[in-house]
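Colleague: What follows is each chain in one-letter form.
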Amino acid sequence: MTANNWRRWVFKPIVWILCLAPLALLVYDGFTDNLTANPIEKITNTTGIWTLRLIVATLAITPLRWATGLNKLINYRRVIGLFAFFYGTIHFTVFFFLDHQFDFGAMWTDVLKRPYIAAGFAAFVLMIPLAITSTTGWIRRLGGRNWNLLHKLIYITALSAVLHYYLKVKLDGSYPVYYGIGVVFLLGFRAWRHFAKRAASEV
Amino acid sequence: MLIKKPQDLRESDVTPKELYVRRREFMAAAGVTAAAVATGGFGLVGDGEVSAQNPNAQKLTNLKKSPFSTDEKQNSYKDVTTYNNFYEFGLDKADPSKYASTLRTRPWSVVVDGQCGKPGTYNIEDIMKYAPLEERIYRHRCVEAWSIVVPWVGYSLSEFVKRFEPTSKAKYVVFKTLVDPKQMPGQTEPALNWPYVEGLRMDEAMHPLAMLGLGLYGEVLPNQNGAPIRLVIPWKYGFKSIKSIVRVSFSETEPLNTWKQQQASEYGFYANVNPQVDHPRWSQGSERRLGEFFRRKTLMFNGYGDQVASLYNGMDLRKFY
Chain A
0 MTANNWRRWV FKPIVWILCL APLALLVYDG FTDNLTANPI EKITNTTGIW TLRLIVATLA
60 ITPLRWATGL NKLINYRRVI GLFAFFYGTI HFTVFFFLDH QFDFGAMWTD VLKRPYIAAG
120 FAAFVLMIPL AITSTTGWIR RLGGRNWNLL HKLIYITALS AVLHYYLKVK LDGSYPVYYG
180 IGVVFLLGFR AWRHFAKRAA SEV
Chain B
0 MLIKKPQDLR ESDVTPKELY VRRREFMAAA GVTAAAVATG GFGLVGDGEV SAQNPNAQKL
60 TNLKKSPFST DEKQNSYKDV TTYNNFYEFG LDKADPSKYA STLRTRPWSV VVDGQCGKPG
120 TYNIEDIMKY APLEERIYRH RCVEAWSIVV PWVGYSLSEF VKRFEPTSKA KYVVFKTLVD
180 PKQMPGQTEP ALNWPYVEGL RMDEAMHPLA MLGLGLYGEV LPNQNGAPIR LVIPWKYGFK
240 SIKSIVRVSF SETEPLNTWK QQQASEYGFY ANVNPQVDHP RWSQGSERRL GEFFRRKTLM
300 FNGYGDQVAS LYNGMDLRKF Y
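Sequences listed follow chains A and B, in order.
Under numbering that gives the first Met the number 0, the letters of the first sequence match residues 0 to 202, in that order.
Under numbering that gives the first Met the number 0, the letters of the second sequence match residues 0 to 320, in that order.
The reader is advised that the hints may include incorrect statements.
With a straight-line cut-off of 27 angstroms between C-alpha atoms, the simulated BS3-like cross-links for lysine-lysine are [said to hold, decoys possible]:
1) A:K41 - B:K72
2) B:K181 - B:K161
3) B:K72 - B:K296
4) A:K167 - B:K117
5) A:K41 - B:K97
6) B:K117 - B:K58
7) B:K97 - B:K181
8) B:K97 - A:K112
9) B:K318 - A:K167
10) B:K128 - B:K170
11) B:K77 - B:K63
12) A:K41 - B:K77
13) A:K169 - B:K296
14) A:K112 - A:K41
15) A:K169 - B:K181
16) A:K196 - A:K71
17) B:K170 - B:K117
18) B:K128 - B:K63
19) B:K296 - A:K167
20) A:K41 - B:K296
21) B:K117 - A:K169
22) A:K169 - B:K318
23) B:K77 - B:K318
24) B:K77 - A:K112
25) B:K77 - A:K169
26) B:K181 - B:K77
27) B:K161 - B:K64
Hints listed in this document are in silico derivations from the structure and should not be mistaken for laboratory results.
Assemble the whole structure, with the sequences as input and the hints as a guide.
Modeller: See the structure below:
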């Protein structure tokens, strides 16, 4: 099989299956009455945490490429990023619909009043332009340089998402902190490389 | 919507258990549409089942009906017994139902001390006979903004408190939960400062709505719901209703309750349900009633304002949250 075929028939389907598994499990739990006594909370929490996990996964791809030389990993970043947006959209919609019945004014009041909702809202909204401009056509239209710059918004999304999670936890903040450490590490790795490269070019 | 029962469903009307257990077969056989199964399966409609489900539990019979009971739709036994905040058994709401079987509720005694005429050690079997058992269907509102309706069994906390003849120095009643990591595996972690401590002002404890909880759904309390003896204070957030009580102390001073120890800016001593005073991080203006799709408005004092508001006359409830 050619490299292209591997990608198309093996690796891409694996990525799709992995990304869809959390949703499939939710649906399965729904049909088997296993979503706890508070299914809405369960759906919200599950889609929320998977949004964050997939954001972290997309952020990990570039450092992984540098570290391993496996440049082809880049082929999977877009699909993982879009799945992050997919779970984020479910997460946001549950909140917008069930908490606010699609009343934009009521939701906006909530955003302004509650730091954890503001952080989550910012994380979600900043993903929208990234999802829209994720196509090859948009990369061409914007030019690689601008496109890259725009997609750095994911850094803010990742940090806001961690903050959102941290502010929501009632007692044990250790998981949000672990995610925070992960995100800071992945961003720090970029910063370190950026400055190392610049220093090298100045020599 | 096929499985939705009328609002005025009473316990005696409940489907016989044999039928209930087989209801999914019936539905399948009847060729229920996928949509209906999905809605029912996702638990968003609520099964309306209110019958007790533990065949081994001791039944509590001859229960008096209480005028304090709400006629709102009760949550299912499953909801009430599988969705619990009881950190002595773990932080996840499913943990208590999974791990509370290690709790031994017999023999059980409660130590009474402090400013009272009859300190001592009292046996649970005797405590259960201090007053006729009543069924009280109360709304229960968690500080996390969800709520349930539970048919508790017990009697007024005042009947219990009076027995010990509190003196005029007794301004507060303090309650403590068992500490035993062998029985309560969550206590091997310092999630909270053990033992769990709660307290009430004396007039709150003597209020007829305040209840000593000994059972639910006509049975003794399941372990995960705070067996064998707990408080049920329906106008306060759930964390005030301390579970598995082993000590009752009459005190001159206000105790520092567990959640206030944990984060005094977020959880106070009074913890009255109050839609006007938000938790610093989230709104208390509305709540999710388990089994309902949309949030509902939270009521002042959880809807018990007519009875209890006078306890707090002249108090700034923003300050004493």
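Colleague: If any of the earlier hints don't hold here, list their numbers in rising order.
Modeller: Those not satisfied are hints 2, 4, 6, 8, 21, 23, 24.
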